[in-house]
Amino acid sequence: MFVQRSWFTRRSLVAAILAMVYPGLGHVYLRAWFRAIAWFGVALIAAAMVLPESAYTAFETNGFSGLVEVSRTLPTEAVLSMLVVRVLNAVDAYLTGLQQATKAAQAESPDANTCPECGKELDPELDFCPWCTTRLEDSENRAER
1 MFVQRSWFTR
11 RSLVAAILAM
21 VYPGLGHVYL
31 RAWFRAIAWF
41 GVALIAAAMV
51 LPESAYTAFE
61 TNGFSGLVEV
71 SRTLPTEAVL
81 SMLVVRVLNA
91 VDAYLTGLQQ
101 ATKAAQAESP
111 DANTCPECGK
121 ELDPELDFCP
131 WCTTRLEDSE
141 NRAER
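In terms of full-length UniProt numbering, the sequence shown opens at residue 1 and continues consecutively.
Keep in mind that the hints were calculated from the coordinates and are not lab data.
All residues carry an ideal CB built from backbone N, CA and C; glycine is no exception.
The reader is advised that the hints may include incorrect statements.
In silico lysine to aspartate or glutamate, DMTMM-like type, Cα no more than 25 Å apart, as pairs [what the hints assert, rightly or not]:
(1) Lys103 x Glu121
(2) Lys120 x Glu137
(3) Lys103 x Glu137
(4) Lys103 x Asp92
(5) Lys103 x Asp123
(6) Lys103 x Asp127
(7) Lys103 x Glu117
(8) Lys120 x Asp92
Listed next, with one range per pair, are the computed distances between beta-carbon atoms [claimed, not checked]:
(9) Tyr22 x Leu136: 34 to 44 Å
(10) Gly63 x Tyr22: 12 to 22 Å
(11) Pro116 x Val84: 32 to 42 Å
(12) Arg72 x Ile17: 20 to 30 Å
(13) Val84 x Leu136: 15 to 25 Å
(14) Ala47 x Leu95: 19 to 29 Å
Sequences are here, hints too, so could you generate the full structure?
Printed below as a string of structure tokens:
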């Protein structure tokens, strides 16, 4: 039995929306901790690389209100680069949510003849997955089917 992949799940959509709020937040929602920390770091590094020095001095002197004033005059390159990071993060969060949903659906159907690693269909005569070469533990049980 093949598990059909859905291209829309509520969980992946919520993760993508949260990722647009701030990079890494959607991955926190999905409990993908390493990815959340990585995207948070990428967002900080990208902001540090593209923000002008005036943004740092405005934040040091006037706090958050000074940063808001400077953000109105940010260069287009800075805004676009931070937007690209957010969009890529949202796409990654959405795809991670879909991947988690697919794995959960496969776990619900244990009699499915699919690889536990890659999820692709298995040949009952082989004791390994022809797609990812993972050795299968229950090869004797599979040969009897």
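Structure-based check of all given hints:
1. Lys103 x Glu121: Roughly 14 Å between the alpha carbons, so the hint for Lys103 and Glu121 holds.
2. Lys120 x Glu137: holds, 16 Å
3. Lys103 x Glu137: Between Lys103 and Glu137 the Cα gap is close to 19 Å, so the pair holds against 25 Å.
4. Lys103 x Asp92: holds, 16 Å
5. Lys103 x Asp123: With a Cα-Cα distance of about 20 Å, the restraint between Lys103 and Asp123 holds, given a limit of 25 Å.
6. Lys103 x Asp127: holds, 21 Å
7. Lys103 x Glu117: Between Lys103 and Glu117 the Cα gap is close to 9 Å, so the pair holds against 25 Å.
8. Lys120 x Asp92: holds, 22 Å
9. Tyr22 x Leu136: 34 to 44 Å: holds, 42 Å
10. Gly63 x Tyr22: 12 to 22 Å: holds, 19 Å
11. Pro116 x Val84: 32 to 42 Å: Since Pro116 and Val84 have Cβ atoms about 35 Å apart, the given range 32 to 42 Å holds.
12. Arg72 x Ile17: 20 to 30 Å: holds, 25 Å
13. Val84 x Leu136: 15 to 25 Å: Violated, at about 41 Å.
14. Ala47 x Leu95: 19 to 29 Å: Given range 19 to 29 Å: holds, Cβ gap about 24 Å.
Hint 13 alone, counting from the list given before, is not met by this structure.
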